[in-house]
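Asks: In the working numbering, each residue carries its 1-based index in the sequence shown increased by 2.
Heads up, some of the hints might be wrong.
DEER-style ranges, computed between Cβ atoms [claimed, not checked]:
#1 R104 <-> Y83: 34 to 40 Å
#2 G24 <-> M3: 39 to 45 Å
#3 Q29 <-> E90: 27 to 33 Å
#4 Q29 <-> Y83: 30 to 36 Å
Taking lysine to any residue and the SDA-like style, the derived pairs with C-alpha atoms no more than 25 Å apart in a straight line are [unchecked claim]:
#5 K93 <-> R58
#6 K93 <-> R66
#7 K93 <-> D36
#8 K93 <-> D31
#9 K93 <-> E113
#10 K93 <-> R103
#11 K93 <-> R54
#12 K93 <-> N123
#13 K93 <-> Y5
#14 K93 <-> R18
#15 K93 <-> D119
#16 K93 <-> R28
#17 K93 <-> R64
#18 K93 <-> A60
#19 K93 <-> P30
#20 K93 <-> V130
#21 K93 <-> Q67
#22 K93 <-> S69
Honestly, the hints are just simulated from the structure, not real lab data.
All C-beta atoms, glycine included, are put in the ideal place defined by N, C-alpha and C.
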Amino acid sequence: MAYNIFISHAWSYDERYQGVVGLLNRQPDFQWYDRSVPRDRPIADPNTEMGRNTLRAALRERVRQSSCFVLVAGMFVNHRYWVQAEIEFAKSYNKPIVAIRRRGQQRTPAEVEVIADATVNWNSQSLVQAIRATCGA
Numbered sequence: 003m004a005y006n007i008f009i010s011h012a013w014s015y016d017e018r019y020q021g022v023v024g025l026l027n028r029q030p031d032f033q034w035y036d037r038s039v040p041r042d043r044p045i046a047d048p049n050t051e052m053g054r055n056t057l058r059a060a061l062r063e064r065v066r067q068s069s070c071f072v073l074v075a076g077m078f079v080n081h082r083y084w085v086q087a088e089i090e091f092a093k094s095y096n097k098p099i100v101a102i103r104r105r106g107q108q109r110t111p112a113e114v115e116v117i118a119d120a121t122v123n124w125n126s127q128s129l130v131q132a133i134r135a136t137c138g139a
């Protein structure tokens, strides 16, 4: 079974997105499709009103197409506007949310703990197990 996964991230923190991709790809028996909007495939310029509206609509559709929403917990604080919008999309479509703590991070923002269906450390096996347990078939 292949999972459609949306990884919430900010382009200015592309290394965290790439890190999550690496964690998912490390599991040889785990198949997944990326429904995110990576830096190298931008949809619109978020610095204009038209671009923000276009990006917001595209993010909503990408989240709708996903079977699981992965949130890097540290992104919530620094990029609250976009992350909160993505979380609202996930909740509106009843998408399970798996939060992943940044490497070495011991604490997770309280808001993330409340909305996440599962929270894991920065570990490939833990992340995949949480996706399988919460995101179903």
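Asks: Next, verify each hint and record whether it holds.
Replies: To see whether the hints hold, each was checked on the structure:
1. R104 <-> Y83: 34 to 40 Å: Violated, at about 20 Å.
2. G24 <-> M3: 39 to 45 Å: violated (21 Å)
3. Q29 <-> E90: 27 to 33 Å: holds (29 Å)
4. Q29 <-> Y83: 30 to 36 Å: holds (32 Å)
5. K93 <-> R58: holds (15 Å)
6. K93 <-> R66: holds (10 Å)
7. K93 <-> D36: With Cα atoms ~19 Å apart, K93 and D36 stay inside 25 Å; holds.
8. K93 <-> D31: violated (28 Å)
9. K93 <-> E113: The hint holds at about 14 Å.
10. K93 <-> R103: holds (20 Å)
11. K93 <-> R54: holds (20 Å)
12. K93 <-> N123: Distance of about 22 Å is within 25 Å: holds.
13. K93 <-> Y5: holds (18 Å)
14. K93 <-> R18: holds (23 Å)
15. K93 <-> D119: holds (11 Å)
16. K93 <-> R28: violated (28 Å)
17. K93 <-> R64: Holds, because 13 Å separates the two Cα atoms, which is no more than 25 Å.
18. K93 <-> A60: Roughly 16 Å between the alpha carbons, so the hint for K93 and A60 holds.
19. K93 <-> P30: violated (30 Å)
20. K93 <-> V130: Measuring from Cα to Cα gives roughly 21 Å; hence the hint holds.
21. K93 <-> Q67: holds (13 Å)
22. K93 <-> S69: Given pair K93, S69 holds - Cα atoms ~12 Å apart, limit 25 Å.
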